[in-house]
Amino acid sequence: MFREFEIVKNISIDKDIFVLKLKNEPYIKGLPGQFAMIRINNSYDPLLLRPFSFYKISSDTIEFLYQVKGKGTYLLSKKRERDRLRILAPLGTNFPLPEKNEKITIIGGGMGIAPLSFLLDLLPEGVKIYSFIGFYTKVSKKLWKNFEERSDYFLITTEDGSIGERGKILDFIENLEEFNRIYACGPISMLKELWKRVEDKSKLYISLEERMGCGIGICLGCIFPGKERNLHICKDGPVVSGVEVNFE
Amino acid sequence: MFREFEIVKNISIDKDIFVLKLKNEPYIKGLPGQFAMIRINNSYDPLLLRPFSFYKISSDTIEFLYQVKGKGTYLLSKKRERDRLRILAPLGTNFPLPEKNEKITIIGGGMGIAPLSFLLDLLPEGVKIYSFIGFYTKVSKKLWKNFEERSDYFLITTEDGSIGERGKILDFIENLEEFNRIYACGPISMLKELWKRVEDKSKLYISLEERMGCGIGICLGCIFPGKERNLHICKDGPVVSGVEVNFE
Amino acid sequence: MNSNLKIQVGSLVFKNPILLASGTSGFGKEISQFYPLEILGGFVTKSITLKPKKGNPPPRIWETYCGLLNSIGLENPGLEEFIYYEMPFLEKINTNIFVSIAGESIKEYQELAKNLKNLNISGIEINLSCPNVDRGGIQFGLDPDILYELTKSIVKISQKPVWVKLSPEVGKIIPVVNLVKDAGAEAVVIFNTFLGLAIDWKERKPVFKRIFAGLSGPAIKPLVLRYIWEVYEKSSIPIIGCGGIMEFGDVMEYILAGASLVEIGTANFINPNIGKEIILELENYFKEERIEDLVGLAHKRKEVSL
Amino acid sequence: MNSNLKIQVGSLVFKNPILLASGTSGFGKEISQFYPLEILGGFVTKSITLKPKKGNPPPRIWETYCGLLNSIGLENPGLEEFIYYEMPFLEKINTNIFVSIAGESIKEYQELAKNLKNLNISGIEINLSCPNVDRGGIQFGLDPDILYELTKSIVKISQKPVWVKLSPEVGKIIPVVNLVKDAGAEAVVIFNTFLGLAIDWKERKPVFKRIFAGLSGPAIKPLVLRYIWEVYEKSSIPIIGCGGIMEFGDVMEYILAGASLVEIGTANFINPNIGKEIILELENYFKEERIEDLVGLAHKRKEVSL
Ligand SMILES: Cc1cc2nc3c(=O)[nH]c(=O)nc-3n(C[C@H](O)[C@H](O)[C@H](O)COP(=O)(O)OP(=O)(O)OC[C@H]3O[C@@H](n4cnc5c(N)ncnc54)[C@H](O)[C@@H]3O)c2cc1C
Ligand SMILES: Cc1cc2nc3c(=O)[nH]c(=O)nc-3n(C[C@H](O)[C@H](O)[C@H](O)COP(=O)(O)OP(=O)(O)OC[C@H]3O[C@@H](n4cnc5c(N)ncnc54)[C@H](O)[C@@H]3O)c2cc1C
Ligand SMILES: Cc1cc2nc3c(=O)[nH]c(=O)nc-3n(C[C@H](O)[C@H](O)[C@H](O)COP(=O)(O)O)c2cc1C
Ligand SMILES: Cc1cc2nc3c(=O)[nH]c(=O)nc-3n(C[C@H](O)[C@H](O)[C@H](O)COP(=O)(O)O)c2cc1C
Ligand code: FES
Ligand code: FES
Chain V
30 MFREFEIVKN ISIDKDIFVL KLKNEPYIKG LPGQFAMIRI NNSYDPLLLR PFSFYKISSD
90 TIEFLYQVKG KGTYLLSKKR ERDRLRILAP LGTNFPLPEK NEKITIIGGG MGIAPLSFLL
150 DLLPEGVKIY SFIGFYTKVS KKLWKNFEER SDYFLITTED GSIGERGKIL DFIENLEEFN
210 RIYACGPISM LKELWKRVED KSKLYISLEE RMGCGIGICL GCIFPGKERN LHICKDGPVV
270 SGVEVNFE
Chain C
30 MFREFEIVKN ISIDKDIFVL KLKNEPYIKG LPGQFAMIRI NNSYDPLLLR PFSFYKISSD
90 TIEFLYQVKG KGTYLLSKKR ERDRLRILAP LGTNFPLPEK NEKITIIGGG MGIAPLSFLL
150 DLLPEGVKIY SFIGFYTKVS KKLWKNFEER SDYFLITTED GSIGERGKIL DFIENLEEFN
210 RIYACGPISM LKELWKRVED KSKLYISLEE RMGCGIGICL GCIFPGKERN LHICKDGPVV
270 SGVEVNFE
Chain E
10 MNSNLKIQVG SLVFKNPILL ASGTSGFGKE ISQFYPLEIL GGFVTKSITL KPKKGNPPPR
70 IWETYCGLLN SIGLENPGLE EFIYYEMPFL EKINTNIFVS IAGESIKEYQ ELAKNLKNLN
130 ISGIEINLSC PNVDRGGIQF GLDPDILYEL TKSIVKISQK PVWVKLSPEV GKIIPVVNLV
190 KDAGAEAVVI FNTFLGLAID WKERKPVFKR IFAGLSGPAI KPLVLRYIWE VYEKSSIPII
250 GCGGIMEFGD VMEYILAGAS LVEIGTANFI NPNIGKEIIL ELENYFKEER IEDLVGLAHK
310 RKEVSL
Chain U
10 MNSNLKIQVG SLVFKNPILL ASGTSGFGKE ISQFYPLEIL GGFVTKSITL KPKKGNPPPR
70 IWETYCGLLN SIGLENPGLE EFIYYEMPFL EKINTNIFVS IAGESIKEYQ ELAKNLKNLN
130 ISGIEINLSC PNVDRGGIQF GLDPDILYEL TKSIVKISQK PVWVKLSPEV GKIIPVVNLV
190 KDAGAEAVVI FNTFLGLAID WKERKPVFKR IFAGLSGPAI KPLVLRYIWE VYEKSSIPII
250 GCGGIMEFGD VMEYILAGAS LVEIGTANFI NPNIGKEIIL ELENYFKEER IEDLVGLAHK
310 RKEVSL
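Residue numbers (this note's numbering), protein chains in the order written: chain V, 30 to 277; chain C, 30 to 277; chain E, 10 to 315; chain U, 10 to 315.
Hints are computed from structural coordinates only; laboratory data are not their basis.
Every residue gets a Cβ at the ideal spot worked out from N, C-alpha and C, and that includes glycine.
Treat the hints with care, since some could be wrong.
Below, a list of computed lysine-lysine pairs in the DSS-like style, where the Cα atoms sit at most 30 Å apart [said to hold, decoys possible]: (1) 100/C / 100/V; (2) 197/V / 171/V; (3) 108/V / 100/C; (4) 126/U / 15/U.
Derived, one-sided and incomplete: chain C residues facing chain U with beta-carbon distance under 7 Å [stated by the list, open to error]: (5) 73; (6) 77; (7) 239; (8) 240; (9) 247; (10) 252.
Covered stretches of chain V, going by a simulated chain E footprint (3 or more residues, C-beta under 8 Å) [to be verified]: (11) 73-85; (12) 245-258.
Based on the sequences and whatever the hints tell you, model everything.
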């Protein structure tokens, strides 16, 4: 489960946003929503592995979509093809796939689109897909092409209006009850608002984020207040059902 | 003085032995015996810069010859062309060049050959050169070709006899007094024995090693007992005259 | 298995000196997906309390240079769930299992010991050093009277080997380890985490709600080693070293400085295989020598030339 | 120069909060080849003693994970040489120069202070915390009576601002800083190095001849910050923070936790330009705000929700 992979490419597709592509060898079978812990450096600074959701997996390659945030992602962005990375994967829960003919919506904010794009890749035919994705400002079309192409309905917003509609993505979704399933990933504030707006919380699947120490359930660092009990995002999540969490 | 250089190549030329070649831009003018402090990682583990003697400098490139010893040199060996390294250089004292027509000897042990090879490159014509270099075991000819080619007399030894004469290099040098200057770099035990054997210590120039904290004289870590006072190898050395040191 | 790695501490024999530290591998199930826990010298459980404990609110961890600050706050399922859901798994592992206990009062510690008495475990590690809770924990470890009484009564009640895990906050350590020894503990565990603090400077506030948190990881190794050295010089109680062990060489430093066993903590997060990997390296290194003979060896090899 | 960076500590004004720490930049000449020292808020000299001191035998330094152990042993040219060879250079630098003094007896400290009295320096930093010498140093810092008397007499003799540099070995720090304040010091410097140890496991012996050495560098930052926080909460003496500052963000952490000034030590070895680089970042960041207003700000922003 903790093995070394070779980088095929690691390129910037937008300001501070990169796609990391690894040779899928040794072979990993990961599902949408699941993630990998990546050891960035062959040293102890940075100390911890960093979590990233699967963005795309084929029999040949594994892809991640990531944004440079701090030291770890900065150093990651400097890696090049043929460099090797140790990766702990696959980890965590996945988005359950819908049945044929269901009507679903996919709601993504910022880098939260990564696991959702992977979900799109694997949806069975016949599913009616409504995609809503929001960014702070203009991003490259490379980031949302997959959503536009695969969705029956597609809407993009930016907070500054530089592309798509101006505003927050949730303001453009009127009726949430019409969907059989709602898939979401993005900033916690977005997830919270969404959770509050969805009546039947069992339809809602959200992917959570919290700082992770280990990714496998041994540090108890990745806590999220659950309905009944503490959720540990790396094990009980990152994908949880709306009924499991408690945003109050 | 502390600037970034691009790696042209970094290749193994023997077991655990590498040549690191940098683009000489910004331009450094370094002399034989002087050294550079190299920042290995863009992180604080390893924490300190690592010292390496100049192996060769041209207007286009700077070369180092190094052996993988621990974490720092291991990580250095993983760097590749187009990677960039921050380097503090040139630092320390250099081997004073002989006058034309002098008869000199160059005595190197192990990686100690690096600065001596650079010295050979810069010797004025007409100098009579006797080179003696010793290794523990067989090494690639790439390491000693320069010595063989440029010297009037050349001897190589290995402790296990796998190449050249079997034994320690100093055992094969009979008369040290015949030389106008003696240049040496290598293990401390070799330097000590040499120092004891040379009567006129002002003819002797040796390059010393000690763990370095800073390379520029501010940490006082690189102490070597001098005759009159403490020597700080990074500033008073690495090249010191035989009269300055005290091996008793 | 290499018998040169065998080592006795108090009344117990360990097949090698490598244990996993409390709170850094839960109750063993996760790590057992990476390697069989029975290859370990021993395993220390996450500290358990009498009642279930929810622990502290997020954020609970924060990275520092070569270090990890944590404020988990002893989240654990409590004694009862531990016995029903975790013991059956632990019981079957063929190595020394230590249950770490933490309480808010002497009585709670005693209650825990009573209930563990009949379980198939090797011993009890008393956690007197958790920096992340309000009551009990570290304060107990700093009060010599409580420390002594508590240890003594747990030894008596449990009738099993007892280890006491100390905090670097103890300060002068020799009187403390001597107390612990007199009270009947078979070993001291040096250390739990160091008190540390981080500021989220972009947010301009302390990272943790409880302000202070516990520092672990490679950063602390030289600090802990200093105490290992001192305790080995001046006391005769066996030492379990813990703090910043990442690699084989770190284990060697601890052993040579005087630790009989070591516990690996934070390193499990960075590499869940680390226990196994270090044991393999030990097996390789100790082909001819016995590890027992290296415990504290560096003390005989100091050249004091001041 | 950005006047938002200006800050007053005791009777002195600093153009910015960045100083270089004692023993990590000698007497300034080397670093001045990288940038003009006058851009610094201040400069603290290598500790000087009455007589020249050869310091400890090699090895003197050893790297640990994100840390540096040193056992320099106060090598310095002594008071006389300092005055003749180093002061003329230092005197000309247009910033606050502090001379760090260390002695083996109270009398030596006093003698040093007497001789510095007429020099053109801003103040004296009393080094009561060097872990690498036999007499004086750390022991003095741990004895409350000596600490008080010593500080008081230096304040009196020197008639200049006096700072006292403490060791993390002090343990309970509040009584100590209060003593120092009562004795008339204008600020405390928190901290000198931590006591640490390393074993050269291949050689199977302690790395250093003196066994223990002083740990500095990024590894210790969270440990020092914890004390900065505590002293700011519970005492009113101005704090000079020191320990593990590598980057701009580290300075921010210290300031927000309560330090008025910071001293950069080990980072000078890793990047001799670091002082300049951090000052440039500060100038950039403090376009609108005054750094003074951020000192200790994180204390107002803690949400204690336990
Ligand atoms: C399950 C999971 C999946 C993720 N998938 C992706 C992904 O596909 N693409 C992507 O770009 N990012 C993803 N993230 C976030 C990513 O892990 C962090 O951005 C990254 O760890 C930051 O590391 P750093 O060293 O660059 O930043 P640091 O210097 O450690 O921190 C910089 C900033 O990032 C935030 N941050 C740090 N760690 C985390 C974390 N674990 N979770 C959330 N925020 C964090 C900090 O609060 C801080 O503001 C995911 C996180 C989780 C938990
Ligand atoms: C002025 C000077 C010039 C040098 N030139 C060269 C050179 O041209 N080529 C080359 O291969 N090496 C050279 N060295 C030695 C080189 O600096 C060390 O081998 C290197 O720093 C080891 O780093 P590491 O992290 O790999 O090893 P570490 O893990 O730090 O140590 C591994 C081993 O290397 C030894 N070592 C570590 N640092 C030093 C040091 N500063 N000096 C001597 N031994 C050390 C240690 O004692 C230990 O045994 C030079 C050293 C000095 C002081
Ligand atoms: C996330 C985390 C949780 C911990 N929980 C406990 C605990 O429950 N009980 C305990 O005695 N020690 C606990 N510790 C301390 C470790 O057992 C160990 O003493 C400390 O981390 C130092 O070792 P290390 O540097 O190898 O991690 C915890 C440490 C961490 C990092
Ligand atoms: C090599 C070295 C030499 C030092 N010498 C002195 C000294 O002479 N006087 C002193 O007060 N502190 C001395 N110190 C301590 C530093 O000033 C500083 O307090 C300590 O290193 C912590 O800061 P840092 O982590 O930024 O290095 C020295 C530190 C190092 C690393
Ligand atoms: S990240 Fe460690 S328990 Fe989830
Ligand atoms: S390496 Fe720092 S003084 Fe020489």
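Cross-check of the supplied hints:
Between residue 100/C and residue 100/V the alpha-carbon distance is near 21 Å, which keeps this suggested pair within the 30 Å criterion. For the given pair, residue 197/V sits about 21 Å from residue 171/V by alpha-carbon distance, which is consistent with the 30 Å threshold. Straight-line distance between C-alpha atoms of residue 108/V and residue 100/C comes to about 19 Å, which keeps the hinted pair within the 30 Å bound. This hinted pair checks out: residue 126/U and residue 15/U have alpha carbons roughly 26 Å apart, not beyond 30 Å.
Using the Cβ-Cβ criterion of 7 Å, the hint placing residue 73/C at the interface with chain U is satisfied: the shortest such distance is roughly 5 Å. For residue 77/C, the interface hint holds, the least distance from its beta-carbon to any beta-carbon of chain U being 6 Å, beneath 7 Å. Satisfaction of the interface hint for residue 239/C is found here, the shortest Cβ-Cβ separation to chain U being roughly 6 Å, below the 7 Å cut-off. Annotation: interface hint on residue 240/C holds; nearest CB of chain U at approximately 6 Å, less than 7 Å.
At a threshold of 7 Å, the smallest CB-CB gap from residue 247/C to chain U is about 5 Å, leaving the interface hint in force. Look at residue 252/C: its Cβ gets to within about 5 Å of chain U, closer than 7 Å, so that hint holds up. For the stretch 73-85 of chain V, the assignment as covered by chain E holds, since 6 residues bring a beta-carbon within under 8 Å of that chain's beta-carbons and 3 suffice. Using a Cβ-Cβ cut-off of 8 Å, 10 residues of the stretch 245-258 of chain V lie near chain E, which meets the minimum of three, so the contact claim holds.
Of the hints listed earlier, there is not a single one the structure fails to meet.
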